[in-house]
Amino acid sequence: MSARLAVALLLGFMTLPTAVVVAVSFNPTAIMSFPPDGLSLRWYANALTYPQFQRASVNSLIVTAGATLVALPIGTAAALALERGRLRARNVWATLLLSPLVVPGVAAGLGFLILAASLGLLRSRAVLIAAHVALVLPFVVRSVWVSVANLDPMLDRAAASLGATPWRTFRRVTLPLLRPGLSAGLLFAVIVSANEFVVSLFVSNRVTEILPVAMFTYVVNYTDPTIAALSSLFIGATFLLVWLADRLFGLAAVFLPDR
Amino acid sequence: MRLLLVPALAVIAVFALALGALFQYSLLAFVPGSLRTGGVTLENFRGVASPQYLGYVWDTVVLSAATTVLTLLASYPVAYALARTSSRAARSWLLILTLAPFFTGAIVRTYAWLLVLGNTVVTWPVPMLFTERGVLVGLVHFSMPTMILLLAAALSHVDPAYERAAASLGATPARVFWRVTLPLSMPGIVSGSLIVFAWTLSAFPTPELLGGGKVKMIANAVKDLALDSFNWPGAAAFAMLALGLTLALLAGVGRLSAGWHAE
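From first to last, the protein sequence lines are chains A and B.
Quick note, my numbering runs 2 ahead of the 1-based positions in the first sequence.
Quick note, my numbering runs 401 ahead of the 1-based positions in the second sequence.
Calculated directly from the structure, the hints in this document are not laboratory data.
Certain hints may be false.
[Unchecked claim] These stretches of chain B come out as covered by chain A in the derived footprint (C-beta under 8 Å, 3 or more residues):
# : segment
1 : 402-409
2 : 413-422
3 : 429-441
4 : 614-626
5 : 642-654
[Claimed, not checked] On the chain B side, residues computed to face chain A include the following (Cβ under 8 Å):
# : residue
6 : Ala-501
7 : Val-509
8 : Trp-514
9 : Phe-605
[What the hints assert, rightly or not] Computed spacing ranges between beta-carbons, pair by pair:
#  : chain 1 : residue 1 : chain 2 : residue 2 : range
10 : A       : Leu-177   : B       : Ala-568   : 48 to 54 Å
11 : B       : Leu-404   : A       : Leu-71    : 16 to 22 Å
12 : B       : Leu-628   : A       : Gly-14    : 35 to 41 Å
13 : A       : Val-222   : B       : Ala-568   : 29 to 35 Å
Nothing here was measured: the structure is a model prediction, and the numbers come from that model.
Note that beta-carbon positions come from the ideal geometry of N, C-alpha and C, so glycine has one too.
I would like the entire structure built from these sequences, with the hints used as guidance.
Written out as C-alpha cells, the structure reads:
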C-alpha cells in the first residue's frame, strides 16, 4: 500500500506544475494568487490577440509543417535503406542518422547561427527549417524503422510476381503496411519541432521566431498570467495528441518492448 | 535501395557543416565589437580554461550529478509500477502521465515551475526561485520521464518468475528487491543515469529561467557569450567543450550497453 502511495505522490510531483499553470490561467488579476479569487478568461483573450504570439504561431506552423514534410519522406527512405539495403556497417549509418539527438542544443544552435551568418541567411527561415529537419529526422527514422523491420518482404515479392510494377507495389503494399510507423514518426516530428527551443533561439529573430522562443521572451520580460493561458492551450493540445496516439497505435507497444 | 539513404545523409551533412563552422570559429580570434574574426588562435580555449568558466563547468557537473541521483530515486517506483501492473488501463494512464510532461515543451514546464517555486502557491521556508535548489527541482522534473521510460524498459525484461521463485524460497519482499530485482535491472539503471547525466550537462531553459542569472550552467554561459556579448569564437570554444563532454559520456554508454548485450 505504501508503494502505491509513493507512486501516486511521485506522479503528483510530475503533474503538479501543469495543474498550477491551468489554475493560474483563470486568475482574474495580474498579481498571481493561488487558489485564484475568481475566474476570468481575459488572459486567454490576451494570449490570442498579442501580435507577437500571432506572428510566432504562423512561423511555428510554417517551420513545423516544412520540417515535417521534408523529414517524413527522407526518414522513411532512410529506414527502408537501413532495413533492406544490405548495407555494410549498418550500425554506423544508423548511428550517423541518429547523431543530431546527442549534440547539445547550444552547440548545434551556435553552429547553425555561424553557418547562417556566413551564407548571408540570417533573416530567412531556411536555416531554421533545415535545423528542424535534422533534429526531427532521428525520430522519424526510428519510428518508421520499427515498422519496416516488422514487414514481411514476401508480401512485396508476391505483389511483384502478380505483375505489379515496383512503384505500384510500394504504393499499394509497402506504404499501407508502414502506416503505424509513419503515424508515430509524424506525431514525433510535429511534437519535437513545435516544442524545439534552444536551436531556434539561436537561429531566429523577432520576425522569424517560433512560438516557444516568443514565449521565452515574454516570460523573461513580463509576469502576468498570459503565458499561463497560452501554456494551458499548449498542454490541452498535447494531452489530446498523446491520448489520441495511445488510442490509435498504443503507446505501450512503442515504449515498452516485449509486451 | 541503398540510394534511398542519400537524402538523409545530405541532411546530416548540413548538420555536420554547422558543427564544422562551430569548430572553425572556436579557433579564430575574437575582435571585440565586431562579428568579423581574426586569425587562427588557441586563445578561446585558454579563455575557457579560466577560473570563471571552469567554475561554470564544476557547477554544471555537480548539479547534473545531483539531478541524476534524485531522478533515479524518484523514477524507480513509477517505472516498477509501469512494468509490473497487470491492468491495461492502469498502464495506459501511467504512460500518459509519464509522457505528457515529456511532450509539453521545455518553456511551458519551466514556466510552471517558475510559478510553483515563486511564492504563488505556497510560501517556501527557504528561498527556492533563483537558487541551485530550485534549478535542481526543475531538472529532476525534466529528467523523470526519460529515466522512467528507460527503467521501465529494463524492468520489463526482468522475468517476474525470478522474484516469485525468491519469495517462494522464503525471501522477504525487501530481500527480493535488493538481491533479485535491483541487480537484474542494473543495465537500465546505469544507462538511464548516464543518459540523464549527459543531457543535464547541456540543460539550458531550466537553469536560464529558474536560475534567473544567478545560477549558470555551461549552456547559459555559451548563450551569454554568443547572444549578449557577441563573442562567437569564445562561445564556440565553450560549446565545443560541452559537445566533447557529452560525446565522451555517451560513448561510455555505448560501450557499457554493448557489453551487456554481449553477455
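Next on the checklist: Please check whether the segment 642-654 of chain B has three or more residues whose CB lies within less than 8 Å of a CB on chain A.
Outcome noted: Held - the segment 642-654 of chain B has 5 residues with a Cβ nearer than 8 Å to chain A, which meets the minimum of three.
Checklist entry - Does the nearest C-beta of chain A fall within a distance shorter than 8 Å of the C-beta of Phe-605 (chain B)? => result holds (5 Å)
Checklist entry - Leu-628 (chain B) and Gly-14 (chain A), beta-carbon distance inside 35 to 41 Å? => result 37 Å Cβ-Cβ, so the 35 to 41 Å window holds.
Checklist entry - Does Val-509 (chain B) pass the interface hint, meaning its C-beta sits closer than 8 Å to a C-beta of chain A? => result holds (4 Å)
Item to check | Whether the CB-CB distance between Leu-177 (chain A) and Ala-568 (chain B) falls inside 48 to 54 Å | outcome: Since the Cβ atoms of Leu-177 (chain A) and Ala-568 (chain B) sit about 49 Å apart, the hinted range of 48 to 54 Å holds.
Item to check | Agreement of hint Trp-514 (chain B) with chain A interface, Cβ distance less than 8 Å | outcome: With a closest approach of 5 Å, the Trp-514 (chain B) hint holds.
Item to check | Given coverage of the segment 614-626 of chain B by chain A, checked by CB-CB distance under 8 Å (3 or more) | outcome: holds (count 4)
Checklist entry - Are at least 3 residues of the segment 402-409 of chain B within less than 8 Å of chain A when you compare beta carbons? => result With 7 residues closer than 8 Å to chain A, the segment 402-409 of chain B meets the three-residue bar; holds.
Next on the checklist: Verify the CB-CB distance for Leu-404 (chain B) and Leu-71 (chain A) against the hinted window 16 to 22 Å.
Outcome noted: Given a distance of about 21 Å, which is inside 16 to 22 Å, the answer is holds.
Checklist entry - How about the segment 429-441 of chain B: do at least three of its residues have a C-beta closer than 8 Å to a C-beta of chain A? => result Coverage by chain A is violated for the segment 429-441 of chain B (1 residues, Cβ < 8 Å).
Next on the checklist: Given a cut of 8 Å on the nearest C-beta pair, is the interface hint for Ala-501 (chain B) held or broken against chain A?
Outcome noted: At about 6 Å, which falls below the 8 Å cut-off, the nearest Cβ of chain A leaves the hint on Ala-501 (chain B) intact, so it holds.
Checklist entry - Does the Cβ pair Val-222 (chain A), Ala-568 (chain B) satisfy 29 to 35 Å? => result violated (54 Å)
In summary, the numbered hints that this structure violates are 3, 13.
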